[in-house]
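Asker: If you read the sequences in order, they're chains S and A.
The opening position of the first sequence corresponds to residue 561 in the numbering used here, with each subsequent residue numbered one higher.
The opening position of the second sequence corresponds to residue 46 in the numbering used here, with each subsequent residue numbered one higher.
Since the hints were derived computationally from the structure, they do not count as laboratory data.
Be careful, since some hints might not be right.
What the hints assert, rightly or not - Part of the chain S face toward chain A, derived, beta carbon under 7 Å: (1) Q637; (2) H656; (3) F660; (4) F665; (5) R770.
To be verified - Calculated pairs, DSSO-like style, for lysine-lysine (alpha carbon to alpha carbon, straight line, at most 30 Å): (6) A:K181 with S:K674; (7) A:K221 with S:K641; (8) S:K697 with A:K181; (9) S:K744 with S:K816; (10) A:K319 with S:K695; (11) A:K221 with S:K670; (12) A:K221 with S:K697.
Just so it is clear, CB atoms sit at the ideal spot from N, CA and C, and this is done for glycine as well.
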Amino acid sequence: MNAAPSNRHNVRLERVTKQFGSWTAVDDISLTINGGEFFSLLGPSGCGKSTTLSMIGGFESPSCGAIYLGGEDVSRQPPYKRDVNTVFQSYALFPHLDIFENVAFGLRRKGLAKAEIEARVREMLALVDLAGFAKRKPGQLSGGQAQRVALARALVNKPKLLLLDEPLGALDLKLRKQMQIELKRIQNEIGITFLFVTHDQEEAMAMSDRLAVMSKGRIEQIGTPAEVYDHPATEFVASFLGASNLIPGTVVERGKETAVVRLEDGALIRLPVAALQTGDAEVKIGVRPEKFLVLAPGESEAPGWNVIEAVAGVSVYLGVSRQYMMESKTGRPLSVYAQNAGRMGDIAPGETVRLAWNPMHTFAVAANQTQPEGE
Amino acid sequence: MRRLRGKLAPYLLSLPSWVYLLVFFLIPLCSMLGMALAVGNPLTGYILSDNFQEFVTAFNNYQDAFLRSFWYGTASTVITLAISYPVAYWIAFYGGRHKSTYLFLVMLPFFVSFVIRVLAWEFILSDQGFLLGPLKAIGLLPRSYHLLSTQWAVIGGLVYNSFAYYVLPLYVVLEKIDRRLVRAANDLYASPATAFMKIILPLSAPGVFAGFLLVFVTNVGDFVNAALLGGPGTYMIGNIIQDSFFESQDYPMAAALSSMLMLMLMIAILLYSKVFGAEAIQEYAA
């Protein structure tokens with residue numbers, strides 16, 4: 561069980577569009593998933609991620625564009641001929657077959673020898689920690705066990721690509737965290753390319769090597785979790801992945817490395833020029849809540865850091881941090897996480913404080929974009 | 046006191062059913078079995094005896110009719126299954142929001158009296174009827190060709206009349222099958238035909254089984270179709286029982302024949318469940 565990751569196993573979508581009547585579910589998306597990669601499609605419900613998955617699995621065919629699997633165009637290939645297997649959200653285990661036969665189903669269709677089927681199914685059941693369950697029926701399993709059977713049933717075929725359609729959605733939080741680690745372990749062990757679909761940004765960030773954020777049938781951004789989180793390309797990505805504070809402003813100076821933006825309340829802040837994605841003067845600058853440092857009265861900021869003033873509001877104690885709802889001078893809500901490291905006492909509501917942050921931790925998005933909906 | 050009442054409640058609630066079964070099933074059954082052993086005639090009355098002669102006579106005289114009944118019953122049930130499975134499948138899988146309308150259409154002919162429906166078939170199948178008439182006129186069939194009075198007319202009538210009784214149990218099981226299972230099977234290299242054989246068919250087995258029993262038992266004992274669409278050569282055991290009862294008024298013979306039919310059906314059902322049924326149903330329930 562050590563199929564080495566290889567580029568022959570990559571997946572490529574080329575300008576894929578899917579229309580249902582007049583509704584465009586997937587709108588001209590292109591992306592490449594490398595062999596052996598754990599890749600996630602992340603987005604709210606209705607963003608087209610599941611339709612994309614269906615097209616790669618062969619359950620829908622694209623209206624335009626092509627899907628390549630290891631260099632071969634599979635756009636018109638029916639699902640039962642594709643070297644792709646799926647872990648379904650509902651698991652879709654066959655209720656009349658026992659666990660062994662469920663896992664053996666794909667191998668039997670391929671017409672493998674009995675002894676080989678037996679060996680591979682046993683090995684796979686051991687891998688997902690269900691060795692003693694071969695004779696059980698799906699109805700006798702817990703949600704987490706059924707989930708692992710669904711995974712084993714797909715993986716035993718050693719596909720070029722494994723599709724996972726929100727497979728953890730039906731599990732409770734604790735089991736979900738366990739399965740996230742379990743999935744990563746299994747993927748490391750067998751080296752098959754995983755394409756994971758989820759609406760849970762935390763899950764996508766925790767598990768993925770790279771991810772694509774989708775909205776309204778389009779890909780908003782592709783990158784590693786850190787790239788996408790720290791440098792969101794659009795306002796949608798900034799708001800969908802974690803909390804972010806966005807403040808409109810105007811670019812007043814573009815230096816070689818540093819640019820200066822005048823915020824709506826008149827404060828001047830610095831940020832790397834590279835963070836400005838367009839030449840537009842009007843932008844929204846963004847800072848993640850945990851990047852703010854609340855300065856104690858009289859404390860001065862580190863040299864070169866940006867500072868704004870804010871009025872503290874209510875706060876929530878979260879153990880590792882205290883989350884403050886604050887307001888900028890212009891009344892814009894700001895979210896601030898103060899690490900619970902005993903730097904200073906709690907801030908009373910109504911108190912005016914100064915918030916400092918490193919210019920490196922500033923990002924900018926275009927000014928006229930819409931907020932994500934749903935969620 | 047309350048605990049006692051709690052324990053008795055299920056029995057009390059089912060009491061009406063027990064009384065019903067006692068009065069309308071168990072007592073008539075015993076009286077039928079008794080009648081089969083009785084000697085006498087309608088005028089002088091009957092005395093219960095240990096006379097098994099009726100069974101011997103019935104067996105010797107009517108073997109053909111018994112065999113024919115089981116043949117008609119089996120043939121008509123198999124044909125009904127072959128016709129109703131695609132219909133039930135289509136309604137369950139492609140009926141969309143009109144499912145109940147389609148089911149209603151399947152049921153619609155059954156709002157007409159049974160006898161009228163069979164008479165309509167007599168008209169349809171008649172030698173110069175609108176089915177055979179044109180075919181004979183253009184020379185596709187010889188003038189002497191006829192369907193009425195043949196076994197196929199009787200089997201056809203039985204099929205027609207049991208159609209809805211097979212569609213319904215099949216629909217119920219097919220409708221319950223999760224369509225995503227087919228998708229999962231396709232994902233695991235099963236072509237649509239294989240997915241049907243490996244997933245849909247096994248999961249619908251309880252419906253196939255239940256419908257088979259329902260239709261087979263009803264059709265083996267039927268006499269109306271044979272009486273109206275058949276001829277002298279298509280006498281089923283139901284017709285013999287009816288004749289014994291109403292024409293020759295040989296009650297012991299009618300009772301003996303009925304008892305034998307019941308026994309044979311029970312044996313057939315037991316064998317059938319042993320071979321196909323129990324496992325399919327248990328497997329599905331597990």
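Asker: Any of the earlier hints contradicted here, and which numbers?
Answerer: 1, 3, 5, 6, 8, 9
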